[in-house]
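Chain by chain, the residues:
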Amino acid sequence: MESVFGLVGDGFAVVAADTSATSSILVHKSNEDKIMKLDSHKLLGASGEPGDRVQFTEYIQKNVHLYQFRNGIPLTTAAAANFTRGELATALRKNPYNVNLLMAGFDKDTGPSLYFIDYLATLHKVEKGAFGYGSFFCLSLMDRYYHSAMTLPEAIQLVDKCIMEIRSRLVVAPPNFLIKIVDKDGAREYAWRESIKEPELPALA
Amino acid sequence: MARYDRAITVFSPDGHLFQVEYALEAVRRGNAAVGVRGTDTVVLGVEKKSAPKLQDSRSVRKIVSLDDHIALACAGLKADARILINKARIECQSHKLTVEDPVTVEYITRYIAGLQQKYTQSGGVRPFGLSTLIIGFDPYNEKPALYQTDPSGTFSAWKANATGRNSNSTREFLEKNYKETSGQETVKLAIRALLEVVESGGKTIEIAVMTKEGLRQLEEAEIDALVAEIEAEKAAAEAAKKAPSKDAS
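So the sequences go chain by chain: A and B.
To convert, note that position 112 of the first sequence is 112 in my numbering; the numbers rise steadily by one, no gaps.
Heads up, my numbering is the position in the second sequence plus 205, with the first residue counted as 1.
Treat the hints with caution; some may be incorrect.
To be verified - With a straight-line Cα cutoff of 25 Å, these simulated SDA-like cross-link-like pairs (lysine to any residue) come out:
(1) A:Lys37 to A:Leu66
(2) A:Lys62 to B:Leu320
(3) B:Lys417 to A:Gly186
No lab work stands behind these hints: they were computed from the structure.
Excised from the complex, chain B in its bound form:
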């Protein structure tokens, strides 16, 4: 098996591209990221690992704008992400220049996925070690959209998804608890999903909300307030569960 993982351009006998799978492993070790789509809102949440005391946390933005109506979060090698994000930003403007229309979310996702795929089929390069979650509003039908790409270059649309650390358990949580939400409820669902794997608080979570008006990054205080609401709701639900059994006994 080890003989087939040196170069990207070599299949193993059982059809694996090991370099791509190792890239997926890099993603699995990256910070947790979650995306949730509502009827009028789409939300990205990212885990913020505790910042070293001397670091200026404002220079580490994990959720970035690709255009006025598109945002991206990723899990994996952040340096690789810079390259993809830069190319995607140029493509957003280039598209507007040639066809006088902003990109659709699907178009830019296909572009980023296409770049990631190119690097799985060239000599002397390695795949990008990141998966992206891309959110946005399509320019004319004003519908929110959430897409995910991975190092192999596949992409698809999702109602809600997670990537990075513990993504499987987060995705399970989302599958169990997803329902069509709007506005603040969508934001709370994203935070609840992240809280499954991250210690709570505005210091450890970064949230960005996209509506058809544009992208808004939530302040620490806002996130803390929402987390407090969620904890209160959880406590109330626990109490409600215990109360009937108390009456019975």
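The following block holds chain A by itself, in its conformation from the complex:
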């Protein structure tokens, strides 16, 4: 039901995730931010068991910060991705985390990068990636329309195509999505795509 996908463009990487927090047939909220900012230039989009997702991503974020204070410089995206994979792998045969991750980052010397890390601690450096039922649609769309060094408008257009496809073809499609980007100026929220918004109802007398 949850969808996370992302791709690398010309000097930036974009990650999009749905924003629904569900428990069986109940939707708790539809504005849950599942893309964590690890540091100034890294994003970690996560999907999976909600408790595991928060627990694991916060743990990774604090350890990334600790590295920065200890060493005076931030981790590279590759180093952070490998550290994350290592933590998942260590936990795997004891008490595994049921979380799938897409880590996007921008390094001054190597530019933007995207890492696919699944719950079995598989690590791949990719140009485009997706998790969840939505991946069946996203990956095909991205195979068809992705090319290297896409501009930001082109990339967002492709992201929107993916969102539309998920909304129209998935039986329990999440209504709202959040798009974040990371480039030389840092990691930040780019846009929301909301098809269900809580209405501002006046209070009942």
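Chain A is already provided as a structure; the job is to place chain B on it using the hints.
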């Protein structure tokens, strides 16, 4: 007396813990460090002993960040400092992980002081040979704070303080000259206090300024400029003092 100073866990008959006092002696021989709190700024200054020519001075940072809003300087055994700083950095992140809030300056000071105390009451260990000056801004009330810890594990908050070499005379200077300052004036007060015991110049002083935006280490050129300003002010004050007596005679 000598019989009671071998082990940390032994009181002397007159109530001294000699190992702790010897640790304070190690602090007294360490480099001078000064901290000054203003209304919107808090400053740390540390004496830099002249670096050997072949040493890369950038690898010797005397004022360190514990978190985005907390910094620490110390006087004493620098190797001991590394251990405390490492543990404090982990605690800053651990606190954020468990309660989703950054530490207050008092919390992390209490933590470091607690560590220092633990090592005065255990077998087979010696106390940490350093005193720390901890500065920072509390996360929600945005007030600057300055704390000091020492090898015995006591800590308290200060408006201005000094530790390390000649700390008594520096503290006297601060007591005589302290007033509520803000911004650049706080920085200049810290430099003036350090200049009492250190030869002047950007090469021998390291200064870090904490505002609610974060920590900034001053460049050598900036420090030189401020020192020049201070010298000029001193000269002007001297001239003003001499002038009236000239008229009288």
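* Starting from the hint list further up, note which numbers the structure goes against and sort them upward. => Of the numbered hints, all hold.
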